[in-house]
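In order, the protein sequence lines correspond to chains C and Y.
Mind the numbering: the first sequence is residues 1 to 558 in the working numbering, read in order.
Mind the numbering: the second sequence is residues 559 to 768 in the working numbering, read in order.
These are computed hints drawn from the structure, not numbers from a lab.
Idealized CB from N, CA, C, for every residue including glycine.
Take the hints with a grain of salt, since some may be wrong.
Claimed, not checked - Per label pair, the in silico range of CB-to-CB distance: (1) T666/Y x Y157/C: 38 to 44 Å; (2) Q693/Y x R457/C: 37 to 43 Å; (3) D387/C x T607/Y: 26 to 32 Å; (4) L630/Y x T46/C: 30 to 36 Å.
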Amino acid sequence: MTNAAIADAAVGTEPASYLEAGHTLISWLTTTDHKRIAILYAISITLFFFIGGIAIAMVRLELMTPHGLFLTSDAYNRLFSLHGIIMVWFFLVPSIPATMGNFLLPLMIGAHDVAFPRLNLLSWYLYVFGAAFTVYALLSGGVDTGWTFYTPLSTNYATGYVIAAAAGVFVVGFSSIATGVNFIATIHMLRAPGLTWFRLPLFVWGMYTVSMVMVLATPVLAMSLLLVIAERAFGLPIFDAARGGDPVLFQHMFWFYSHPAVYIMILPAMGVVSEVIPCFARRAIFGYTFMVYALIAIAVIGFMVWGHHMFVAGQSPLANLVFSFLSFIVAVPSAIKVFNWTATLHRGQITFEAPMLYALGFVGLFTIGGLTGLFLASVPIDIHATDTYFVIAHFHFIMVGGTVSAYMAGLHFWWPKVTGRMYSEAWARFAAITTFLGFNATFMPQFVMGWDGMPRRYHYYPDVFQAWHVMSSVGALILAVAYVLPLIYFGWSLIYGRRAPANPWNATGLEWQTSSPPPKENFLRLPRVEVEPYAYSDTDQVSGANNRMPVRAQGETA
Amino acid sequence: MSDAVTALREPWPDLDRQREGVSVGIWLFIASEVLFFGALFLGYTVYRTLYPEAFRIAGAQTDVFYGGVNLLLLLTSSVTMTFGVDASRQERRRTTLVCLGLTMLLGTAFLIFKGFEYSADIAKGLFPGAHFPLQPPQTQLFWAFYWVMTAVHAVHLAVGVGVVGVFALILWRRLLPIESPGMLGVATYWHFVDTVWIILFPLLYLVGRS
Numbered sequence: 001m002t003n004a005a006i007a008d009a010a011v012g013t014e015p016a017s018y019l020e021a022g023h024t025l026i027s028w029l030t031t032t033d034h035k036r037i038a039i040l041y042a043i044s045i046t047l048f049f050f051i052g053g054i055a056i057a058m059v060r061l062e063l064m065t066p067h068g069l070f071l072t073s074d075a076y077n078r079l080f081s082l083h084g085i086i087m088v089w090f091f092l093v094p095s096i097p098a099t100m101g102n103f104l105l106p107l108m109i110g111a112h113d114v115a116f117p118r119l120n121l122l123s124w125y126l127y128v129f130g131a132a133f134t135v136y137a138l139l140s141g142g143v144d145t146g147w148t149f150y151t152p153l154s155t156n157y158a159t160g161y162v163i164a165a166a167a168g169v170f171v172v173g174f175s176s177i178a179t180g181v182n183f184i185a186t187i188h189m190l191r192a193p194g195l196t197w198f199r200l201p202l203f204v205w206g207m208y209t210v211s212m213v214m215v216l217a218t219p220v221l222a223m224s225l226l227l228v229i230a231e232r233a234f235g236l237p238i239f240d241a242a243r244g245g246d247p248v249l250f251q252h253m254f255w256f257y258s259h260p261a262v263y264i265m266i267l268p269a270m271g272v273v274s275e276v277i278p279c280f281a282r283r284a285i286f287g288y289t290f291m292v293y294a295l296i297a298i299a300v301i302g303f304m305v306w307g308h309h310m311f312v313a314g315q316s317p318l319a320n321l322v323f324s325f326l327s328f329i330v331a332v333p334s335a336i337k338v339f340n341w342t343a344t345l346h347r348g349q350i351t352f353e354a355p356m357l358y359a360l361g362f363v364g365l366f367t368i369g370g371l372t373g374l375f376l377a378s379v380p381i382d383i384h385a386t387d388t389y390f391v392i393a394h395f396h397f398i399m400v401g402g403t404v405s406a407y408m409a410g411l412h413f414w415w416p417k418v419t420g421r422m423y424s425e426a427w428a429r430f431a432a433i434t435t436f437l438g439f440n441a442t443f444m445p446q447f448v449m450g451w452d453g454m455p456r457r458y459h460y461y462p463d464v465f466q467a468w469h470v471m472s473s474v475g476a477l478i479l480a481v482a483y484v485l486p487l488i489y490f491g492w493s494l495i496y497g498r499r500a501p502a503n504p505w506n507a508t509g510l511e512w513q514t515s516s517p518p519p520k521e522n523f524l525r526l527p528r529v530e531v532e533p534y535a536y537s538d539t540d541q542v543s544g545a546n547n548r549m550p551v552r553a554q555g556e557t558a
Numbered sequence: 559m560s561d562a563v564t565a566l567r568e569p570w571p572d573l574d575r576q577r578e579g580v581s582v583g584i585w586l587f588i589a590s591e592v593l594f595f596g597a598l599f600l601g602y603t604v605y606r607t608l609y610p611e612a613f614r615i616a617g618a619q620t621d622v623f624y625g626g627v628n629l630l631l632l633l634t635s636s637v638t639m640t641f642g643v644d645a646s647r648q649e650r651r652r653t654t655l656v657c658l659g660l661t662m663l664l665g666t667a668f669l670i671f672k673g674f675e676y677s678a679d680i681a682k683g684l685f686p687g688a689h690f691p692l693q694p695p696q697t698q699l700f701w702a703f704y705w706v707m708t709a710v711h712a713v714h715l716a717v718g719v720g721v722v723g724v725f726a727l728i729l730w731r732r733l734l735p736i737e738s739p740g741m742l743g744v745a746t747y748w749h750f751v752d753t754v755w756i757i758l759f760p761l762l763y764l765v766g767r768s
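In isolation and in its complexed conformation, chain C is listed as follows (with noise of 0.2 Å):
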């Protein structure tokens, strides 16, 4: 190999594209190419977004009027349950991983591929065999146990398809766990030369981190819901409190997944994130090694928080302390993140792209998500607020308001790359100004009624809190046009686009410096990395605030 960097395909003839290597649908479903699974993973995910979220379209129109409009009592905890079941673990879990994150992973770190692509095509086939219980659970009558399961309702009281959607979850657990494998393998051992781990991009990192809670946390879940399916099945009394078991039990095996899920959902936003806001500033990110630290630290401590979701379920006065405190604890790396990406923008040459705009909605919406998380974390309040709206807008403001905006903000980032063509800039503007718009007014009211006592879970409610809903489910209307949008923009993209070149954005990371779309083995030459990430033009250093090309491309010959 050469000392000289890296093809760049621009010099003489584009290389065939990974798309090219085969139209079959069989070259698509026997693919071991980590780009092709990440577009299998794309389209699956986006099914069930959309399954997901009509489910809670028919429930936030049920919740316009105080006492139900079309729907059964049955048939609205049937909805939210699925709501639920899908949303987390067929959509918020795979969905910056097992996309963007199969995709740019090897790309970022000059790899050919994943570590095991075959285990890659192997997570996916698990993921749409879990989807096929849930779909059956759907189809044949739905659970109403919430997303949860918790006992005794799941194994004694349910009078759904509980075995199924919960077979279901244990089975695209195992996907989950199979993608954190890979890609903790792929980054130990693959690295480009040079590419040292504090030269990673912080994407990379955050796929590391959120491997690694994928990796440890899953587990646990899936053996707390075999031990429900088995209690359900076969009447075995592990959690049966007139057999001397404890339900509580369950509520703690379920949270040591549960809680971290919280993370493994946000992790990667926050890597999305921390590549796309220095790429519209042009400023290195401030403080990288903090960043880093950051992100080990909530992947860490994390893992000790679960306790806070039982505050009210008998835990003792002691164990509430402590995972109360643990609790403000995980919040310090995340304000370093929130400030650090503040501090990014300090300075900076901002311009507002579709991906920026969607980013900076993740910063304000995540701090917010955030900030209410502490207020949950205090016992005190969390009593007078637990099972009730306030808690929904909370972790919303994390799941959707964050994940689904930096899921968002990096589909629009990296969309050239993937496809090699540009959508219309102006369209998806609009679209990330309405999403933000459409959340607030969706997920705002919540907070109020929550705290006014509004319990979630709820069909039928005092008429002191329709004004609210009303609200709510008008934002939700909004919400629900701000996402269809980029299906039919990126849709005209793909046949009308703008061909895009090699690097759109004048971005610093190593997938930029192949073409768009990649060829099948990524780079025509290995390349090697000689810089730190972020290597952007520094207004403290460059004359005139126009230079909008980075000091230094990673890969880029020096």
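Chain C is already provided as a structure; the job is to place chain Y on it using the hints.
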């Protein structure tokens, strides 16, 4: 035909790196598996701490003969597996295949004995339910964990037997060279499943008899 060429797979630059990668991958998977079983051990620990007397009564009813024989079978299978790994490193084809065959055989024998034990347990009515023979009711918790723990372990072992079988077939048909890095992954998984039994055996068969 050079073996080194056929064993090397995308995206690895060389065989040593690939072997190291397989090792990283399988150990991460085992970390995950430890937490999978860890949730079970947690449940067992909580209930045993809450109801020590019920667990003593219930634990005395397990069949230590079957459990002990199975312990011997699995320990022996780990020995044959280790010989197999050494043989494959030295590219001794026939020894490797014989060792893998023996490992499979011992694993299958474990499953057959486990089947006999299960039918004996059921004949004694030791499946939790309405007519459970033991008192107090918390004894059913011990037996619930007995069934789940041994069943989950048996599924792992059955998967192990299958994986060893497929891998032996691949080596036998020369689809991979005998010193393929995959051998290390298969063996590590096998030893892990064996180790789980080493922990399950005292928890389920010995505590009631102490």
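(request) If any of the earlier hints don't hold here, list their numbers in rising order. (result) 4
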